[in-house]
Amino acid sequence: MLRTEGLTISFGGHVAVDAVSCEFQPGSLTSIVGPNGAGKTTYFNLISGQLRATAGRVLLGDEDITGLPAPYRTRRGLGRAFQLTNLFPNLSVLENVRLAVQARMGKGMNLLSMAISHRELSDAAWSYLERVALTQMAQSPAASLPHGDQRKLEVAILLALEPQIFMFDEPTAGMSVDEVPVILDLIRSIKAQGDKTVLLVEHKMDVVRSLSDRIVVLHNGKLVADGEPAEVIASPIVQQAYLGMGSGDE
Amino acid sequence: MLHAILSGDVPRSKVLAAALALIFFALLLAPFVFPTVNALNVAGKICIFILLAASYDLLLGYTGIVSFAHTMFFGIGAYGVAIVMGRVAPDWGGVLLGGGIAIALSVALAALIGLFSLRVRAIFFAMITLAVASAFAILASQLSTLTGGEDGLNYRVPEMLRPAFRLFDGEILGIVINGRVMAYYLTFAVSLLLFLLLLRVVNSPFGRVLQAIRENEFRAEAIGYRTVHYRTLANCLAAAVATVAGMLLALVLRYTNPDTTLSFTIMMDILLMVVIGGMGTLYGSVLGATLFLLAQLYLKDVMGAASAATSGVPLLPSLLHPDRWLLWFGLLFIASVYFFPTGIVGRLRSLAQRHRLL
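Chains A and B supply the protein sequences, listed in that same order. The opening position of the first sequence corresponds to residue 2 in the working numbering, with each subsequent residue numbered one higher. The opening position of the second sequence corresponds to residue 36 in the working numbering, with each subsequent residue numbered one higher.
Hints in this document: simulated from the structure, not taken from any laboratory. There's no promise every hint is true.
Stated by the list, open to error - What follows is a set of in silico ranges between Cβ atoms, one per label pair, in the way DEER data are often shown:
| no. | chain 1 | residue 1 | chain 2 | residue 2 | range |
| --- | --- | --- | --- | --- | --- |
| 1 | B | 161 | A | 14 | 32 to 38 Å |
| 2 | B | 146 | A | 62 | 20 to 26 Å |
| 3 | B | 159 | A | 90 | 22 to 28 Å |
| 4 | B | 159 | A | 14 | 45 to 51 Å |
| 5 | A | 90 | B | 53 | 27 to 33 Å |
| 6 | A | 124 | B | 376 | 33 to 39 Å |
| 7 | B | 150 | A | 205 | 40 to 46 Å |
| 8 | B | 159 | A | 38 | 51 to 57 Å |
| 9 | A | 60 | B | 376 | 46 to 52 Å |
| 10 | B | 298 | A | 124 | 48 to 54 Å |
Said to hold, decoys possible - Partial list, computed: chain A residues near chain B (C-beta under 8 Å):
| no. | residue |
| --- | --- |
| 11 | 75 |
| 12 | 81 |
| 13 | 84 |
| 14 | 105 |
| 15 | 110 |
| 16 | 112 |
| 17 | 113 |
| 18 | 115 |
| 19 | 116 |
| 20 | 117 |
| 21 | 128 |
Unchecked claim - Here are a few chain B residues that sit away from chain A, every Cβ distance over 12 Å (derived from the structure):
| no. | residue |
| --- | --- |
| 22 | 49 |
| 23 | 61 |
| 24 | 73 |
| 25 | 75 |
| 26 | 169 |
| 27 | 178 |
| 28 | 190 |
| 29 | 197 |
| 30 | 220 |
| 31 | 263 |
| 32 | 272 |
| 33 | 343 |
| 34 | 374 |
Small disclaimer: the values here were computed from a predicted structure and weren't measured. Ideal Cβ placement from N, Cα and C applies to all residues, glycine included.
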């Protein structure tokens, strides 16, 4: 179980995430919505360790991970896919995923064996590429992929980490219409495993509605609504704070 | 077999494979093919600088760390051996003692410098290494009771490596196997072994993490690699290898001074060798170091000949005068970086790939 307690970060005088307390249960998918600049990605960064909180705590199970650097959080099962594609551009598609498998299996400090001789790592990496339908591009440099495929690779890297908690930051942004279902089906299948916690930042309301068990609304860094999808979407504060402003774009 | 020795890192270009084979065999047979004292010194220097450049490439090309402290570690190795040879005993125990202390000191310093990389950005890290290296160079010239100051140290090396030593009476292929030849083969063997070790390291799971750090440090952290540990280990490893290169230099030259080991010029030379050869390819260090040293040593002779040959033409003889060699040396580098931005190895590989595709 993942929990934040009064999680806050301020940059100069600007409070980007303001005392957000929230709990995320295994087997559930929670969407975090809100207008641009509401602090959704910043909230993610605080949970996955890219940013350090000014105040408040992040708890994973019983452990306080607020001060823990990102790599250690990843190793404890917090997996994060990024909003802006964030790959190893000149390494091959397969190598991008292989590195994630290697990180999870803790083989990075092996200096004297050949990486290519670790078949278990590349075989596993290959299986994640299969799940996002990218095996045909396995040998191409990540930077040479079209945008939609880079997004898929981003998700494959997340899958390769085999996390307990999946954090998707706008996984379908910029994807063409026919590519979106691949990613949505993947997210559904993760949810269907029953023991994984999924956090999703997403702008497309139809996606949010069809996937979520629960919706959390952030506005100006504050948690302003939290509950069942239908209930939250219907609430006046959401109609005003988010749907009124944000609908139509993105 | 060869595949395992090269750690699966095959040249991927016939021209590159041929060039590497040529350099390998020329160095392997150097005492027999180039039997003058001067040529043997050049061959030994090439071995040492291949190793030094390769260890620098581990940082620059593979991990994306810009450091100016690499000659410091080179110097620590050379002075470590020199001081013990000169002040304690010129024997193999002394080499081990001096080398052991030098490697320990280098690794400790590299770890300290590496830990700085936790907090600072690349440019500041480069500045820190520059400051540390300069301080060390000043220290070496000021502590003259220990280091001989600007004059450096002259000392005796283990008997087997002295020019007067004979392995046995008689000759092989017309060559007396004396201490110079022994010193050369020691250099060649150690350089080759450590080069192959580096080749293994860059192709290991660890080496892949270094490349991931070079490509996107932020993401490497996000998938679970504590990058500061990897960078620090890479720093220590590169420093240790540079230290051994320095030890070899001290044994071959039988003198050590700031100019041969610690000067900023050598730092620039290593940087150029790696860039010209091709960063992040280790084989680039082989080509870069070889071409660089040959150009540095023989360009003057070539220009002297060219100057004499054009003596009738106006202006050309004075442009080609051996005193202008640095000008031409500089132009050669600008041209090579301009035409081969990915280095010679990068260029050869992309040509070979294009050839395969067409």
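So, going through the hints one by one against the coordinates:
1. 161(B) / 14(A): 32 to 38 Å: 34 Å, holds
2. 146(B) / 62(A): 20 to 26 Å: Because 34 Å falls outside the window, the suggested range is violated.
3. 159(B) / 90(A): 22 to 28 Å: 24 Å, holds
4. 159(B) / 14(A): 45 to 51 Å: 27 Å, violated
5. 90(A) / 53(B): 27 to 33 Å: 31 Å Cβ-Cβ, so the 27 to 33 Å window holds.
6. 124(A) / 376(B): 33 to 39 Å: Since the Cβ atoms of residue 124(A) and residue 376(B) sit about 36 Å apart, the hinted range of 33 to 39 Å holds.
7. 150(B) / 205(A): 40 to 46 Å: 45 Å, holds
8. 159(B) / 38(A): 51 to 57 Å: 31 Å, violated
9. 60(A) / 376(B): 46 to 52 Å: 49 Å, holds
10. 298(B) / 124(A): 48 to 54 Å: 50 Å, holds
11. 75: Nearest chain B Cβ about 4 Å off; hint holds.
12. 81: 6 Å, holds
13. 84: 12 Å, violated
14. 105: 7 Å, holds
15. 110: 6 Å, holds
16. 112: 4 Å, holds
17. 113: 6 Å, holds
18. 115: 5 Å, holds
19. 116: Where the cut-off is 8 Å and the nearest Cβ of chain B is about 5 Å from residue 116(A), the hint holds.
20. 117: With a minimum Cβ separation of about 5 Å from chain B (threshold 8 Å), the hint on residue 117(A) holds.
21. 128: 17 Å, violated
22. 49: Residue 49(B) is indeed farther than 12 Å from all Cβ atoms of chain A, at 21 Å.
23. 61: 28 Å, holds
24. 73: 38 Å, holds
25. 75: Per Cβ check, residue 75(B) is outside 12 Å of chain A; nearest 33 Å; holds.
26. 169: 31 Å, holds
27. 178: Per Cβ check, residue 178(B) is outside 12 Å of chain A; nearest 35 Å; holds.
28. 190: 34 Å, holds
29. 197: 36 Å, holds
30. 220: 25 Å, holds
31. 263: 9 Å, violated
32. 272: 8 Å, violated
33. 343: 48 Å, holds
34. 374: About 21 Å separates residue 374(B) from the closest Cβ of chain A, which puts it past 12 Å; holds.
In terms of the numbered hints stated before, the structure departs from hints 2, 4, 8, 13, 21, 31 and 32, listed from lowest to highest.
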